[in-house]
Amino acid sequence: MKALMPTLLLVAMGTAQAAPIAMEDQSQLKVPGVQAAPQFVPPAEGAIPDNAFGKMIREGHALFVDTRRLMPEAVGNGMNCSNCHLDQGRLAHSAPLWGAYPMYPAYRKKNDKVNTFAERIQGCFTFSMNGKPPAADSPQMTALSVYAYWLSTQAPTGVEIAGRGYPEVPKPEGGYDFKRGKQVYDEQCAICHGGNGEGQKVAGEYVMPPLWGKDSYNWGAGMHRINTAASFIKYNMPLGKPGSLSDQQAWDVAAWINRHERPQDPRLVEGSIEKTRLKFHANDGVNLYGQKVDGVLIGQGIGG
Amino acid sequence: MKPLSHVVIGSLLILAWPSAHAADGQKIFNQGGQNPAAMACLGCHGPDGKGIAAAGFPRLAGLPAGYLSKQLHDFRSGSRRQAVMEPLSKALDDAEIEAVSAYLAKLPADVAADTRRQQIANDPVTRLAIYGDWSRLIPGCVQCHGPGGSGVGEHFPPLAGQPAGYLVAQLNAWRDGSRSNDPNQLMVNVAKAMTDAEVKAVADYFAQPASQEVKP
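Protein sequence lines, in the order shown, are assigned to chains A and B. When we follow the numbering used here, the leftmost residue of the first sequence carries the number 29, and every step to the right adds one. When we follow the numbering used here, the leftmost residue of the second sequence carries the number 38, and every step to the right adds one.
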């Protein structure tokens, strides 16, 4: 058995045989290219007014950076908002709140309706945080919306300003490769996120977020798309060294991360991974959900 | 012939015994290693291993064993340069390094401040420590070194409870290249992006946990 393991491992690192699927995001919102340098500067902390509105900004900020601890009833995994939106939701090319708030309400193909900003945040809780979203009129949602609104002070409404979202990283001509991705992961990511994507905790709380497994984002989260993860990684990781990976490395490591099991897509259709794939994943960028990789069905879900 | 071979084997066993003997971490800490050049740790790092703040000698108590062991090996190889530790680490053998690292990791240390990222940082030093300055690609110190600088895993050592003089010396060592043993060069760019004033202020921030705001 022991002798067999390396062979199995090698086989498992091969490429997915699934048919290529169209690069189409489930959102009509476009992300500006990186050629346009971000100009927008959100207000400084010192500019928070000392009144009821300022108090709500502070509450929203606290929820944003310490989500899991402060909203255990809403967060079902080990993630905080600030794990995917760096620098407290301020950083350009890291899906900053000032790039998101002024774009809502907006139609989203993901749920085929016009979404308010609160509904958009609810999506984060359902998928990226694998939890139960707070009600649209809850104090927490008000606080998070107020924080996003305040960060967007003087940003134009309905304009895709430079720096919003994660800039698209073109898919490399030769696609991606799990084996190369694993190598990038082991060399550059494992030091913080652990050899098995498990993240790292101090005193029971995650300091570095888990990238797969039961405490990570679920199969319905935008980050499960290889193209989206590649974009996030290229422009934000390793922490403090954005842009240090090539486009190829970003795609390879994104594919390696997103071929691992994570909590099931909460939209699971009639208990069927195949039906869920057809309805929600077949036209959702580049992803592995419901496909077989080296004979193993991806998207079976893990944990609660 | 037979008795002689017994004697030979017996002598060989006795000669081989000392190096096969398990190294004693506590003894190395208190009295030094087998080689007299490997002086006792407590002389400079204090009887409790918590360092000597006035001299800038670092805290070793409660640091991860893997981190300590790596530093001793790095002093040997020269990727971390320090005049006292360089010859000292070369006088320790591998087993002694492992033993003393394991012993130090188990020594009790003061608990880091329970500073949470949820507070809005009102002053620039706290902001740098908790959130960093992304216009210069500086992550917040606690993002890698843990809440209150408690340390995370084997690669991100505690900052809390380290003498300010030691933290300043390390940041400056990365800036001038005398320390280059950070995994994936994660520290060198951060240190180089900081100003002299920030280096001193952030060192003071972690050296004096009592001055930190603690969440209500």
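Heads up, some of the hints might be wrong.
Residues from chain A that keep clear of chain B, each with C-beta distances beyond 12 Å, as calculated [stated by the list, open to error]:
{"no.": "1", "residue": "Glu73"}
{"no.": "2", "residue": "Asn79"}
{"no.": "3", "residue": "Gly82"}
{"no.": "4", "residue": "Leu114"}
{"no.": "5", "residue": "Ser122"}
{"no.": "6", "residue": "Asp140"}
{"no.": "7", "residue": "Val142"}
{"no.": "8", "residue": "Lys160"}
{"no.": "9", "residue": "Asp165"}
{"no.": "10", "residue": "Glu201"}
{"no.": "11", "residue": "Cys220"}
{"no.": "12", "residue": "Pro266"}
{"no.": "13", "residue": "Gly268"}
{"no.": "14", "residue": "Glu289"}
{"no.": "15", "residue": "Lys307"}
{"no.": "16", "residue": "Ala310"}
Lysine to any residue pairs mimicking SDA-like chemistry, simulated, CA-CA at most 25 Å apart [to be verified]:
{"no.": "17", "chain 1": "A", "residue 1": "Lys210", "chain 2": "B", "residue 2": "Thr232"}
{"no.": "18", "chain 1": "A", "residue 1": "Lys269", "chain 2": "B", "residue 2": "Thr232"}
{"no.": "19", "chain 1": "A", "residue 1": "Lys160", "chain 2": "A", "residue 2": "Ile330"}
Calculated Cβ distances over 12 Å to all of chain A for the following chain B residues [unchecked claim]:
{"no.": "20", "residue": "Pro73"}
{"no.": "21", "residue": "Ala102"}
{"no.": "22", "residue": "Gly115"}
{"no.": "23", "residue": "Ala120"}
{"no.": "24", "residue": "Lys143"}
{"no.": "25", "residue": "Asp147"}
{"no.": "26", "residue": "Asp160"}
{"no.": "27", "residue": "Trp171"}
{"no.": "28", "residue": "Glu191"}
{"no.": "29", "residue": "Tyr203"}
{"no.": "30", "residue": "Asp213"}
{"no.": "31", "residue": "Asp233"}
{"no.": "32", "residue": "Ala234"}
None of these hints come from the bench; they were simulated from the model. As the structure is a computational prediction, the values presented were derived from the model and not from experiment. In this text, a Cβ means the ideal position worked out from N, Cα and C, and glycines have one as well.
Results of checking the hints against the structure:
Non-interface call for Glu73/A relative to chain B: violated, since the shortest CB-CB distance, roughly 5 Å, does not exceed 12 Å. Every CB of chain B lies more than 12 Å from the CB of Asn79/A, the least distance being 15 Å, so the non-interface label holds. With a minimum CB-CB distance of about 10 Å to chain B, Gly82/A fails to clear the 12 Å threshold, and the non-interface call is violated. With a least CB separation of 7 Å from chain B, Leu114/A falls inside the 12 Å interface cut-off, contrary to its annotation.
With a least CB separation of 9 Å from chain B, Ser122/A falls inside the 12 Å interface cut-off, contrary to its annotation. Its beta-carbon lying about 36 Å from the closest one in chain B, Asp140/A satisfies the requirement of being farther than 12 Å from that chain. Residue placement check: Val142/A keeps its beta carbon more than 12 Å from all beta carbons of chain B (closest about 32 Å). The claim that Lys160/A is not at the interface with chain B holds, since no C-beta of that chain comes within 12 Å of its own (minimum 21 Å).
At the 12 Å boundary, the C-beta of Asp165/A stays outside the reach of chain B, the nearest C-beta of that chain being 23 Å off. Its beta-carbon lying about 28 Å from the closest one in chain B, Glu201/A satisfies the requirement of being farther than 12 Å from that chain. The beta carbon of Cys220/A is not kept farther than 12 Å from every beta carbon of chain B, the shortest such distance being approximately 7 Å. Separation of Pro266/A from chain B is inadequate, the least Cβ-Cβ distance of about 7 Å not exceeding the 12 Å criterion.
At the 12 Å boundary, the C-beta of Gly268/A falls inside the reach of chain B, the nearest C-beta of that chain being 5 Å off. For Glu289/A, the condition that its CB be more than 12 Å from all CB atoms of chain B holds, with the nearest at approximately 23 Å. Consistency note on Lys307/A: stated as away from chain B, and its beta-carbon is indeed over 12 Å from all of that chain's, at 38 Å minimum. The claim that Ala310/A is not at the interface with chain B holds, since no C-beta of that chain comes within 12 Å of its own (minimum 37 Å).
In summary, the hint linking Lys210/A to Thr232/B is not supported, as the alpha carbons are separated by about 37 Å, beyond the 25 Å threshold. With a C-alpha separation of about 19 Å, the suggested pairing of Lys269/A with Thr232/B holds against the 25 Å cut-off. Our distance criterion of 25 Å between C-alpha atoms is met by Lys160/A and Ile330/A, whose separation comes to about 17 Å. For Pro73/B, the condition that its CB be more than 12 Å from all CB atoms of chain A holds, with the nearest at approximately 37 Å.
With a least beta-carbon separation of about 16 Å from chain A, Ala102/B lies farther than 12 Å from that chain, consistent with its non-interface assignment. Non-interface call for Gly115/B relative to chain A: holds, since the shortest CB-CB distance, roughly 22 Å, exceeds 12 Å. At the 12 Å boundary, the C-beta of Ala120/B stays outside the reach of chain A, the nearest C-beta of that chain being 29 Å off. At roughly 18 Å from the closest C-beta of chain A, the C-beta of Lys143/B stays outside 12 Å, upholding its exclusion from the interface.
Distance check on Asp147/B: its Cβ is at least 15 Å (rounded) from any Cβ of chain A, clearing the 12 Å threshold; non-interface status holds. With a cut of 12 Å on Cβ distances, Asp160/B falls inside the contact zone with chain A, its closest approach being about 10 Å. Distance check on Trp171/B: its Cβ comes as close as 5 Å (rounded) to a Cβ of chain A, failing to clear the 12 Å threshold; non-interface status is violated. A beta-carbon of chain A comes within 12 Å of the beta-carbon of Glu191/B; the shortest separation is about 9 Å.
Against the 12 Å criterion, Tyr203/B stays outside the reach of chain A, whose nearest CB is about 21 Å from its own CB. Chain A leaves Asp213/B outside its interface by the beta-carbon criterion, the shortest separation being 20 Å against a cut-off of 12 Å. Residue-level check passed: Asp233/B sits 20 Å from the nearest beta carbon of chain A, beyond 12 Å. Every Cβ of chain A is farther than 12 Å from the Cβ of Ala234/B; the closest lies at roughly 19 Å, confirming the non-interface assignment.
Comparing the model with each numbered hint stated earlier shows that hints 1, 3, 4, 5, 11, 12, 13, 17, 26, 27 and 28 do not hold.
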